[in-house]
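Participant: The chain contents come next:
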Amino acid sequence: MRSMREVRKSVARARIHTNGQANDARLKDLLRELSESRKTATARRPTEAGAPIIRSAAYLASAAAVIVALAWLLHTRPAAPEHAPAYVSSASTSKIFLLTEVSLERAFRRGGIPAVENQSEKALAKPMQEPIGPTMKELLQELAGNDENTGGMSL
Amino acid sequence: MNETMNSGSMKTLLATMIVALPMSSVLAYPPENAAVLYYRAFLLYQPEDGIKPMLDDYRQGRIKRNEQIEKYLAQNAALIDMVLDATRIAHCDWGLDYSQGTEVLLPPHHKAREIFFLIAAEATMQADMGNSRQALERCVGMYRMANHLNERPLICYLVGTAITAATHKCVTRFLAEMPPDAEILTWLRDELATLDKQPFSVYPALDWKRDAGVISMSPERIGSVAQAGLDEGELKKRVLERIRTADPQFYARNIVYWNDFMSRVQAAFHKPYETARAEIQQLDKRPASDFDRNPDATLTACLAPTFASIHLLSVRLQAQSNAVRAAVGVYLSKAQTGRLPETLPENTPGDPLSGKPFAYEKSADHFLLRCQGKEESDKDKPNEYLFKLGR
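Just so you know, the sequences run in chain order U and R. Here this note's numbering is used: the first residue of the first sequence is 1, the next is one more, and so on. Here this note's numbering is used: the first residue of the second sequence is 1, the next is one more, and so on.
These aren't lab readings, by the way, just hints derived from the structure by calculation. Hints should not be assumed to be uniformly reliable.
Beta-carbon label-pair distances, calculated as ranges [unchecked claim]: (1) U/Glu138 to R/Leu43: 19 to 27 Å; (2) R/Arg40 to U/Glu121: 17 to 25 Å; (3) U/Arg110 to R/Tyr98: 22 to 30 Å; (4) U/Arg110 to R/Gly50: 24 to 32 Å; (5) U/Arg110 to R/Trp187: 39 to 47 Å; (6) R/Pro199 to U/Glu138: 51 to 59 Å; (7) R/Asp211 to U/Glu138: 48 to 56 Å; (8) U/Glu121 to R/Trp187: 33 to 41 Å; (9) R/Ala77 to U/Glu121: 21 to 29 Å; (10) U/Arg110 to R/Asp211: 18 to 26 Å; (11) R/Gln266 to U/Glu138: 54 to 62 Å; (12) R/Arg244 to U/Glu138: 50 to 58 Å.
None of the values given here were measured: they were computed from a predicted structure. Positions of the beta carbon are idealized from the N, C-alpha and C atoms, including for glycine.
So that you can see chain R by itself, here it is in the shape it has in the complex:
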């Protein structure tokens, strides 16, 4: 009897396995790696001629929704869903070969931005139709895509920055146009808090830049790196000449110089804005000024980007991100109480330029968040973020 039972159970188990195993591969959607879906979307999306500026104008409110936009968005609905599915996957590995140093081949970033324009236009259409939650869901998706794009290389960070900044503009517009809905605003606040657990940051790019530089400072790689990375001119000519006659000590000493330089840059990025900016501006000039008298500075002069502009960009983005989070708190307070708060809600992130809270001003049709520090001491006005009250 037992044997019969066992045999029966075995048959059932086998039958289940036969059915379930192929099914598991059939149902393996979404994949574990978000990059699989992004690459598919990049491959499939071929924007129509002239559609890109139209979508961008629509996103920025310069034109109204029209039949062509509606039709185009409907045609690409499956692709939009695919990308939004990708944004919900935690793991994203673009499969980059980091052993190539600064010669690592990067994903086609222009496709990421094209897809951003598509989804931002779709989000705008949802907002136009009164579907605020759907519109903001797409924005949260774009924030996640920017985070996914921010894999180690600096260019990936910069493209992610561009998408994050553009998404902030979408959110600012949608918040102004939507009715005061505490439920949606609470959801958005929580989503942004979840994103902040793994914040969009410049630091992985700086860490990688340092490692990539060391990999590239070898006799096998540096020639092609210098050819690709330097504009034609006297500096390139002199760098290539030094590389042609370099001995192993040249590389060892240049790596020491580079590591010291990058340590100072990385430390400066963590300092308060004004100190950091002054230090990074000085550091940017150092390799070029050392170049003539110190051959050890040769490859740093060849590989170092202008860190001052990257620092400024990262702080500007942080200020904008903090302003959006502060604004969501203000809108939520208004939705809950029916009026704008007298002061900014507690735990509102501050202005990274000064390290202080944003200055908060309100009026009948908008409120304003102003940085208390300036990007440059000689700049006339500090950065301001205006949030309209639509309904």
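So that you can see chain U by itself, here it is in the shape it has in the complex:
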């Protein structure tokens, strides 16, 4: 791969062939387009004298709208609380929470030590599922690398 320095040198040394007539024609086109675009912009603009009046009226209208909106917001919005109320979550569905002291105390109130044991068992019960770990075959394949760097050789 070529370095950035080499690329820069190549660009600096490169010869660019230009044509004088073509350049003049392109310059004239550009000047004409610029002159036309200025005329269009002037036609759309208000007169030089009336512009500040219209501009200030627009600013006044915007300011009034903002003031009215703020006043409406302040009037209708309830007073901000001095504190954040406690977040009352719904009962947790995670099994690990069955092992908290508060949860196990509730189980004890319900059914004594057997209820505590049942809840602990429930918290740690394994769901019936397929093993998620790789098999020995998959592990060997994973460790064997890929064709590019090992040439397809297995361990």
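Assemble chain R onto chain U, guided by the hints.
Facilitator: Relative to the frame of chain U, chain R by itself:
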């Protein structure tokens, strides 16, 4: 010459360090923290289907030893040794995160009880084979495990109580079946005295309950605590409603109420049984009765367990523990003199229900220790502890 000597000594020292340093980690068994071994045992022990009731029946003498029990105990011998090793370690830290307040995640207690059933069955087998000392050693191990389990949370205390009470039954049975052996009984008496230097107690659980309550009474925690701790119903609905609209003063005032409530509960637990029971029963009713007219009682009503039943359990366990210690003294006296003593030996612990010594009755085949106070004044009979004389 000196330089050569120094260089030689240095080489020896370095060689020793190279060999000794890795060895020290290899030989670091048992670990300094007993909980490491308990957690390992909890992880490794997977009881076979149907074995738990069989082991329990065997421990309680409802069935005889059979081939399945023997085989099962032999298969789990390494695990039993691991747990007994753990019980001999003084330090036990379960690594609980107490900054979570009442939401602290607890160890899997059901595994502790499963392992208790296993070791109690093994102890029973040792007793059956005439190995009284080994059987009682396992019981002492179970007492120590119960002490280790009794880390601050109330549930840990309750599970430890269940294991201690079940171990008392094992000891009572083994004492009845063993021949009068003064050496073993002296050893057991001394082991129990050593355990009593750090007695199994409800007080750490009460101290923690108070601290945990304060931690949980915060806007960040109380919502989930109330969800987890309260049964569905009107109380839960009203507690959650008050929590939703609570301001900082609500929490401050509820903490003051809680601290005052817990101070009274803790003080009551130290009083003589009858006074304590009456006070604690009154205290249990207070948060619920204050709830309607006093919002400061809201979170105490949400967090307070029924302390009356915990108090009763703790006193009952103390009475049973004292009875076992008194019985060991009586058995020892019999082993030394060939007959039961006329009165209870000196320094025998008494009945915590009355604060008086146990009433002692003896017959040809047993002796009886009776509490002089009753759990409830309207109860027909006081608690009694019967100890058989087997051989």
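Participant: Any hints this thing doesn't respect? Which numbers, in order?
Facilitator: Of the numbered hints given earlier, the structure breaks none, since each of them holds.
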